[in-house]
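*Asks:* Sequence:
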Amino acid sequence: MQPKPRTAYLAGYPAELTAQVDALIAAGKMGALLRKKYPQAHTVRTDKALYDYVQAMKSDYLRNAAPLSRVAYDGKLQELRNALGTHARISRVQGGRLKAKREIRVATVFRDMPEDFLRMIVVHELAHLKEPDHDKAFYQLCCHMEPNYHQLEFDLRVYLSHLEAGGDPLWGGN
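Under the UniProt record's numbering, the first residue of the sequence shown is numbered 1, with each subsequent residue one higher.
Please note that a few of the clues may not be correct.
[To be verified] Below are the DMTMM-like pairs computed for lysine to aspartate or glutamate, each with C-alpha atoms no more than 20 Å apart in a straight line:
1) K29 to E16
2) K36 to D155
3) K48 to E103
4) K36 to D112
5) K76 to D47
6) K58 to D22
7) K36 to E153
8) K48 to D112
9) K29 to D168
10) K36 to D168
11) K76 to E16
12) K36 to E115
13) K76 to D112
14) K76 to E103
15) K29 to D155
16) K136 to E153
17) K37 to D112
18) K36 to D47
19) K101 to D47
20) K48 to E115
21) K101 to D74
22) K58 to E131
23) K58 to D47
24) K48 to D74
25) K58 to D116
26) K36 to D116
27) K130 to D60
28) K37 to D116
29) K48 to E131
30) K37 to D22
31) K29 to D133
32) K101 to E131
33) K37 to E153
34) K58 to D133
35) K48 to D60
36) K58 to E16
37) K130 to E103
38) K37 to D168
These aren't lab readings, by the way, just hints derived from the structure by calculation.
Please work from the sequences and hints to get the whole structure.
*Replies:* Put into structure tokens, the structure is as follows:
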């Protein structure tokens with residue numbers, strides 16, 4: 001039986017890999033490694049800037065997908081839903097018509113992270129516009145939009161593990 005990683009963020013990864021991450025976190029070296037690989041935070045700070053950022057990616061890769069009515073940072077997302085991003089389809093009856101809206105919410109923890117991490121979570125949520133489940137087609141679409149998707153997801157999980165273990169935020173106020 002595999003030893004349980006110290007953090008839920010790394011569940012599902014091989015024990016050898018999680019042991020290396022745990023050792024680097026315990027030695028206080030993980031922050032420096034991540035900071036070297038991702039030296040600075042992005043400049044997408046407002047909800048409007050995030051909306052524009054997401055729309056640009058959507059127009060590059062998912063032109064025919066349903067339009068987004070809202071994209072915003074959500075301060076309660078990580079605590080309430082234990083999620084880093086969400087996508088929602090909201091349907092309302094107006095008169096005799098059914099109106100559907102789609103929105104994406106990104107945890108505010110991404111406001112002070114490198115652009116690579118923001119791009120990874122946006123790619124993830126945009127992929128849900130076409131593929132609702134986390135299946136092979138979903139991850140193929142993620143990799144189409146961001147070829148380095150899996151490495152970015154792992155690095156983000158490592159950073160979140162670093163924070164969970166009491167490490168200092170590397171790019172801002174998180």
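*Asks:* Work down the list of hints and note, for each, if the structure agrees.
*Replies:* Here's how the hints hold up against the structure:
1. Annotation: proposed proximity of K29 to E16 holds, straight-line Cα distance about 17 Å (limit 20 Å).
2. With a CA separation close to 12 Å, the supplied pair K36 and D155 stays within the 20 Å bound.
3. Between the alpha carbons of K48 and E103 the distance comes to roughly 13 Å, so the proposed pair stays at or under 20 Å and holds.
4. Using a Cα cut-off of 20 Å, the hinted pair K36 and D112 holds, with the two alpha carbons roughly 16 Å apart.
5. A hinted pair counts as satisfied when its Cα atoms are at most 20 Å apart, and K76 with D47 qualifies at roughly 15 Å.
6. Restraint check for K58 and D22: the C-alpha separation of about 36 Å exceeds 20 Å, so the hint is violated.
7. With a C-alpha separation of about 17 Å, the suggested pairing of K36 with E153 holds against the 20 Å cut-off.
8. The straight-line distance between the Cα atoms of K48 and D112 is roughly 16 Å, inside the 20 Å bound, and the hint therefore holds.
9. The hinted pair formed by K29 and D168 meets the criterion: a straight-line CA distance of about 12 Å does not exceed 20 Å.
10. About 15 Å separates the Cα atoms of K36 and D168, which keeps this hinted pair within 20 Å; it holds.
11. Proximity of K76 to E16 is assessed by CA-CA distance (about 33 Å); at most 20 Å being required, the pair is judged violated.
12. For the suggested pair K36 and E115, the alpha carbons sit about 14 Å apart, so the restraint of at most 20 Å is met.
13. Of the pairs offered as hints, the one joining K76 and D112 holds, with about 16 Å between alpha carbons and a cut-off of 20 Å not exceeded.
14. Our distance criterion of 20 Å between C-alpha atoms is met by K76 and E103, whose separation comes to about 16 Å.
15. Between K29 and D155 the alpha-carbon distance is near 14 Å, which keeps this suggested pair within the 20 Å criterion.
16. Of the pairs offered as hints, the one joining K136 and E153 holds, with about 16 Å between alpha carbons and a cut-off of 20 Å not exceeded.
17. A threshold of 20 Å between alpha carbons decides the hint, and for K37 with D112 the separation of about 16 Å falls inside it, so the pair holds.
18. Restraint check: the Cα-Cα separation between K36 and D47 comes to about 28 Å, which exceeds 20 Å; the hinted pair is violated.
19. Only pairs whose Cα atoms come within 20 Å are accepted, and K101 paired with D47 is accepted, the gap being roughly 17 Å.
20. Simply put, K48 and E115 have alpha-carbon atoms about 16 Å apart, close enough for the 20 Å limit, and the pair holds.
21. The hinted pair formed by K101 and D74 meets the criterion: a straight-line CA distance of about 18 Å does not exceed 20 Å.
22. At roughly 14 Å between alpha-carbon atoms, K58 and E131 fall within 20 Å of each other, so this suggested pair holds.
23. With a C-alpha separation of about 16 Å, the suggested pair K58 and D47 falls inside the 20 Å cut-off, and the hint holds.
24. Between K48 and D74, the direct Cα distance comes to roughly 13 Å. Compliance with the 20 Å bound is thereby established for this hinted pair.
25. Distance hint between K58 and D116 is fulfilled; the C-alpha atoms sit about 16 Å from each other, no more than 20 Å.
26. For the proposed pair K36 and D116, the alpha carbon gap of about 13 Å is at most 20 Å, so the pair holds.
27. With a C-alpha separation of about 14 Å, the suggested pair K130 and D60 falls inside the 20 Å cut-off, and the hint holds.
28. Straight-line distance between C-alpha atoms of K37 and D116 comes to about 10 Å, which keeps the hinted pair within the 20 Å bound.
29. The straight-line distance between the Cα atoms of K48 and E131 is roughly 25 Å, outside the 20 Å bound, and the hint therefore fails.
30. Our distance criterion of 20 Å between C-alpha atoms is met by K37 and D22, whose separation comes to about 18 Å.
31. A C-alpha spacing of about 36 Å is found between K29 and D133, which places the hinted pair above 20 Å, so the restraint is violated.
32. Between K101 and E131, the direct Cα distance comes to roughly 17 Å. Compliance with the 20 Å bound is thereby established for this hinted pair.
33. For a cut-off of 20 Å, the pair hint linking K37 to E153 stands: about 14 Å separates their Cα positions.
34. Distance restraint check for K58 and D133: the Cα-Cα separation of roughly 19 Å lies within the 20 Å cut-off, and the hinted pair is therefore satisfied.
35. For the hint pairing K48 with D60, the CA-to-CA distance comes to about 18 Å; that is within 20 Å, so the pair holds.
36. Proposed proximity of K58 and E16 is contradicted: the alpha carbons are some 37 Å apart, above 20 Å.
37. In summary, the hint linking K130 to E103 is supported, as the alpha carbons are separated by about 14 Å, within the 20 Å threshold.
38. As the CA atoms of K37 and D168 are separated by approximately 16 Å, the hinted pair is consistent with the 20 Å bound.
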